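Read top to bottom, the protein sequences are chains Y and E.
Anchor point for the first sequence: position 111 equals 111 in our numbering, and the numbering is continuous, going up by one each time.
Anchor point for the second sequence: position 175 equals 175 in our numbering, and the numbering is continuous, going up by one each time.
A few of these clues could be false.
Unchecked claim - Here are the computed lysine to any residue pairs in the SDA-like style, where the Cα-Cα straight-line distance is at most 25 Å:
(1) 2/E x 115/Y
(2) 2/E x 253/Y
(3) 216/Y x 204/E
(4) 2/E x 95/Y
(5) 2/E x 93/Y
(6) 2/E x 113/Y
(7) 2/E x 129/Y
(8) 2/E x 116/Y
(9) 216/Y x 61/Y
(10) 2/E x 119/Y
(11) 2/E x 110/Y
(12) 216/Y x 250/Y
(13) 2/E x 133/Y
(14) 2/E x 18/Y
(15) 2/E x 216/Y
(16) 2/E x 132/Y
(17) 216/Y x 18/Y
(18) 2/E x 134/Y
(19) 2/E x 137/Y
(20) 2/E x 109/Y
Simulated from the structure, these hints should not be mistaken for lab results.
Owing to the predicted nature of the structure, the values given are computational and were not obtained by experimental measurement.
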Amino acid sequence: MEREHPATGLRLQGVTLGERLQDVSLELRTGDCCVVVGPNGAGKSTLLRTLLGLERPERGAVLLDDRPIEELTPGQRAAHVAWLPQRPALGEALSVVELVASARYRFGEAHGEALAHARRALAAVGAAGLADRRSDRVSGGELQRALLATLLAQEAPLLLVDEPANHLDLAYQAAIYRRLGELWSRGLGLMVVTHDVNLAWLLGAPERVRVLGLEKGRVVQDTTLAAPDLAERLSALYAVPLRAVEVGGVRQLLVDRSVLPTPAPGDEP
Amino acid sequence: MKDLLLVLVVVLLVATASVFLGAPLVGAEGQFVLWQLRIPRALAGLLVGATLGLVGAAFQLLFHNPLAEPSTVGTTAGAALGALGALVFDLGGAWQLSAVTLFAFAGALAASLVVALTASSGRARVNDVLLAGIAVTLAAGAVSQAVHSIAEMPALFAAAMWGLGQLPQVGYERVLVLAPFVLGSSVVLLFRARALAALALSEDWAATQGVPVRRVRLEVLTAGSLGVAACVALCGPITFVGLLVPHLVRRLLNPPARQLLGLSWLAGAAFLVVCDGIARVLVPGRELPVGVLTAALGAPALFALVLRR
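Could you put together the complete structure from these sequences and hints?
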């Protein structure tokens, strides 16, 4: 798990995909950390799926180390980019260690070896005890740790993570973000889609955490977590009043409910 | 691994027992019945049962659908149309195989090919492939009915008998014809066990983990259809094995997806040989087609499994 990762980069060039992504250009390299925020339906998950080559853009290009991603085999892509989907619907119930071992597919190794790697990946996220439990019998937090181990077991230098803290209690949320921060500090490239930008402080080095705001498929904010005007920028993005509050030296954004506009009758939540 | 050995032992016991089921084997006649009738028939039963069980499991994983079975991709409907055509138009055979066998095989492959091509085209989702299979089945059924309307009575009767499904009655030739197709198909499917297990988990996720989704899909559909086509061509449609056996294995042993394939291969072999043994002795003086028995045993067994949950 501790091996050196080759420098690698994933780039979107003027990518348009229907209404979901419109003329998006961005780059994620090893050592980068990028948090993607935006209201529901802004195109955050689509952005990740496009970077993975799961969606084919109508215009523009997805480049992995300057090569169009559709020219690469699934094995080549998997060697560079790993994905933690948002609450993957697992079609088959199986033991956690088998689940984690599925990420070893690209190595073409013997199954016993894949299982050994899977156990090490589970140990690395402090979840060695889950190995022989069934994936449909573990709690949400335990499953999320198993999924994080799956992400690690693929040994890719770029990690695309979709809402890793969804459905988790507060302690687990913090733990997952700290783990991701550790991975970043070891030189991996990280892109995290989240609804809660406050959790991104747990990644570390806020001045180096890039925050991209998506709205209706467009990148409308591009700043850092440490930016003094982050509250104003995200207020505009979510159309809710946000206030920056210092708690123990960490700046957190809170919704100012005293001035929250009342939704008009018939508005969807 | 323990499960695999256990099922293997069951298969061997069952196959041996089935050979001695029925009238006692005495003298030269007994030797003939044993070596020329029962053993080749048991071998055919093992091959066909294993193939149907394995393909059923593979298709259930591929389509994320517990209702998928070997004929989901139109194989059986295509074979039935081919067999009917051969009988109604009184076509001649070749290579020592009857026209029914040859045209059933051709029909089965043609139907599956349409579905396999759909699977490998562009951005077909796995449900589109399932729909294509249903469409091909319905289309083949419609053409069959048209052929029915112009057919003579004897041909229709022969087609109906073929449709009951029966293991070959005599000798080793058909076993030798069957073996390369079904064993080749089984090797490809078992070789793809890990990819299928990953696909069963989540297709998109598997793709990002390095599984060549479209190639695996095409390989599994082609290899599976080829094996089933050979079985259907020689034995007629033997229903329920491909649907029931993977569920039986799941409920009894609860293996990971990767092992479901090998276990279904073995369990399918055992199930069909047992059914065939019973079909031989159930009604004194005459044999039931094994297809009737697999359905008669399979349907209640499936019910029992569902209710037990």
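Hints, one by one, checked against the model:
Between the alpha carbons of residue 2/E and residue 115/Y the distance comes to roughly 18 Å, so the proposed pair stays at or under 25 Å and holds. Pair hint residue 2/E plus residue 253/Y does not hold up; C-alpha atoms about 56 Å apart against a cutoff of 25 Å. Between residue 216/Y and residue 204/E the alpha-carbon distance is near 24 Å, which keeps this suggested pair within the 25 Å criterion. The hinted pair formed by residue 2/E and residue 95/Y meets the criterion: a straight-line CA distance of about 17 Å does not exceed 25 Å.
Simply put, residue 2/E and residue 93/Y have alpha-carbon atoms about 20 Å apart, close enough for the 25 Å limit, and the pair holds. Restraint check: the Cα-Cα separation between residue 2/E and residue 113/Y comes to about 19 Å, which is no more than 25 Å; the hinted pair holds. Proposed proximity of residue 2/E and residue 129/Y is supported: the alpha carbons are some 23 Å apart, at most 25 Å. Restraint check for residue 2/E and residue 116/Y: the C-alpha separation of about 20 Å stays at or below 25 Å, so the hint holds.
Straight-line distance between C-alpha atoms of residue 216/Y and residue 61/Y comes to about 19 Å, which keeps the hinted pair within the 25 Å bound. For the suggested pair residue 2/E and residue 119/Y, the alpha carbons sit about 21 Å apart, so the restraint of at most 25 Å is met. Annotation: proposed proximity of residue 2/E to residue 110/Y holds, straight-line Cα distance about 18 Å (limit 25 Å). Proposed proximity of residue 216/Y and residue 250/Y is contradicted: the alpha carbons are some 30 Å apart, above 25 Å.
With a CA separation close to 19 Å, the supplied pair residue 2/E and residue 133/Y stays within the 25 Å bound. For the proposed pair residue 2/E and residue 18/Y, the alpha carbon gap of about 52 Å is over 25 Å, so the pair is violated. Annotation: proposed proximity of residue 2/E to residue 216/Y is violated, straight-line Cα distance about 54 Å (limit 25 Å). With a CA separation close to 17 Å, the supplied pair residue 2/E and residue 132/Y stays within the 25 Å bound.
This hinted pair checks out: residue 216/Y and residue 18/Y have alpha carbons roughly 11 Å apart, not beyond 25 Å. At most 25 Å may separate the alpha-carbon atoms for a hinted pair to count; residue 2/E and residue 134/Y meet this at roughly 19 Å. Taking the CA atoms of residue 2/E and residue 137/Y, the gap is about 23 Å. The hint holds against a cut of 25 Å. Note on residue 2/E and residue 109/Y: the hinted pairing holds, with a Cα-Cα distance of about 22 Å set against a maximum of 25 Å.
Comparing the model with each numbered hint stated earlier shows that hints 2, 12, 14, 15 do not hold.
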